[in-house]
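Student: Based on the provided sequences and hints, a complete structural model is requested.
Here's the letter readout for the chains.
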Amino acid sequence: MAYSEKVLDHYENPRNVGSLDVNDPNVGTGLVGAPACGDVMKLQLRVNDQGVIEDAKFKTFGCGSAIASSSLATEWIKGMTVDQAMAVKNTQIVEELNLPPVKIHCSVLAEDAIKSAIEDYKKKQGARGGKDQVA
Amino acid sequence: MAIKLPIYMDNHATTPLDPRVLDAMLPYLRDNFGNAASRSHAFGWAAEKASEDAREQVAALIGASGKEIVWTSGATESDNLALKGAAEFHKDKGNHIVTAQTEHKAVLDTCKRLEKEGFQVTYLPVAEDGRVRPEAVAAALTDKTILVSVMLANNEIGTVNPVNEIGAVVKARGCLFHIDAVQGVGKIPFDVNAARADLVSLSAHKMYGPKGVGALYVRRKPRVRISAQIDGGGHERGMRSGTLNVPGIVGFGVAAEICRRELSVEGPRMLALRERLRQGLQSQISDTFVNGSMEHRLPGNLNISFAFIEGEAMLMALKDVAVSSGSACTSASLEPSYVLRALGVEEEMAHTSIRFGIGRFNTEEEVDFVIDLVARKVKKLREMSPLYEMAQAGIDIKSIQWAAH
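Heads up: the sequence lines are chains A and B, in that order. Taking our numbering, I'd label the letters of the first sequence as residues -6 to 128. Taking our numbering, I'd label the letters of the second sequence as residues 3 to 407.
Among the hints, erroneous ones may be present.
Unchecked claim - Cross-link-like lysine-lysine pairs, in silico, BS3-like; alpha carbons within 27 Å at most: (1) Lys381(B) / Lys(-1)(A); (2) Lys71(A) / Lys321(B); (3) Lys108(A) / Lys400(B); (4) Lys(-1)(A) / Lys382(B); (5) Lys400(B) / Lys382(B); (6) Lys116(A) / Lys400(B); (7) Lys321(B) / Lys(-1)(A); (8) Lys379(B) / Lys(-1)(A).
Since the hints were made in silico from the structure, they are not lab data. Since the model is a prediction, treat every value here as computed from it, not as a measurement.
Tutor: So this is what it looks like as structure tokens:
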């Protein structure tokens, strides 16, 4: 299978590989996919007091396109507000990475990972009760 | 010596043409272009002689006689001819065929076609070691069984079936026995009489010969009858019409001759390289699992799962090495290898499997290069793997409720 240059670039030089502290109340963690399906993405983001995502990290078990999709997702959402990140669509990832139809599910997973991480963050914030909800 | 990249280590898919084979073929692509069926002139006679000599060479590799070799376009055609030809010819005797779940698609899809035409097919499961048990074959045979088809060696995991024992079981019940011997012949000793085979599929390009030529062994004593599937000029004693691919056939003959002469030296050399690879990988990388029997295995095969790393991502990391994976992502179907699934390998491990196929032209230097490269890439990809992170933290991946997608 031939990969686009952008997929290869993200695969060879993945952005933002790593982990954030899951116990930090300002960190949201999303874990999506399933090992049996050959794709698991963990995406984490840390939101500052202005409601801006100041850091994002990922770890992905999956093919090159899955790794590239999650790498791109973290790159994009850094500096976005939570609302902006919520609006990121898988089709934008497909377009940016030139993913073929058989790899579209990788982009869907990346979108799900962002949403899941944000939901986790909001849940934590809600549980704390104190901080103003920006989102 | 400098290593030339990329390294070819996918010798189950195909093998490079041996230069000696090419040398033998060239005259038949240039001056000796005759049609082997032309009886009226020297061009035809030269082509026919070349084809007959090659028949003897291929036959000698499997303990057969030249008259028992039918030339085909390749092993897929041989499998089709064997199964459809035997089923059609013997359909009045019965309608039941026995094969195994781990067979090549050329056999499985042919069986599916025959099912549509009214035949009943039993797809035998295999044991955890990937091998078909003779007792399982015996238990599957019925009064309606006309044919049993079991491969000599598996193309993905390299496991070698006990074909001699299976042949004894099959012949005790008077059924026909077909062996898809594509992956094994030329790599391990194989004899049609020891296996009591009636039909055997062979391919040239898996034994350092050219693509586009194969053979079907059809036993003469006692004579095995099959119906032709390609009609025409009645070539190959009516079993397979079509002008012979003489250069390919000459190449197949020489390739078989080289395998026969060098098998006793080449086999141990392949095994030593494979073991160097296996031991090198397993000593440097944790959490690896070899798929299929280590004991009953082609010398050049290593099918190994690197836990926590998806196979296609691994292939991308190994772009300097030509290997293949049982991962779903490398197939159009998005299902992981049906062979690994048949062994009971869990889906998540099937996604992490890599097949190394060592061949005649691989060297120790190449193996060492591959070990080092794989070890480095596994480390990098595991640092990126959430599953590895969980395993390191002592989280059981199976304890998590994963959402299927």
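Student: Flag every earlier hint the structure violates by its number, smallest first.
Tutor: As far as the earlier hints go, only 2 is violated by this structure.
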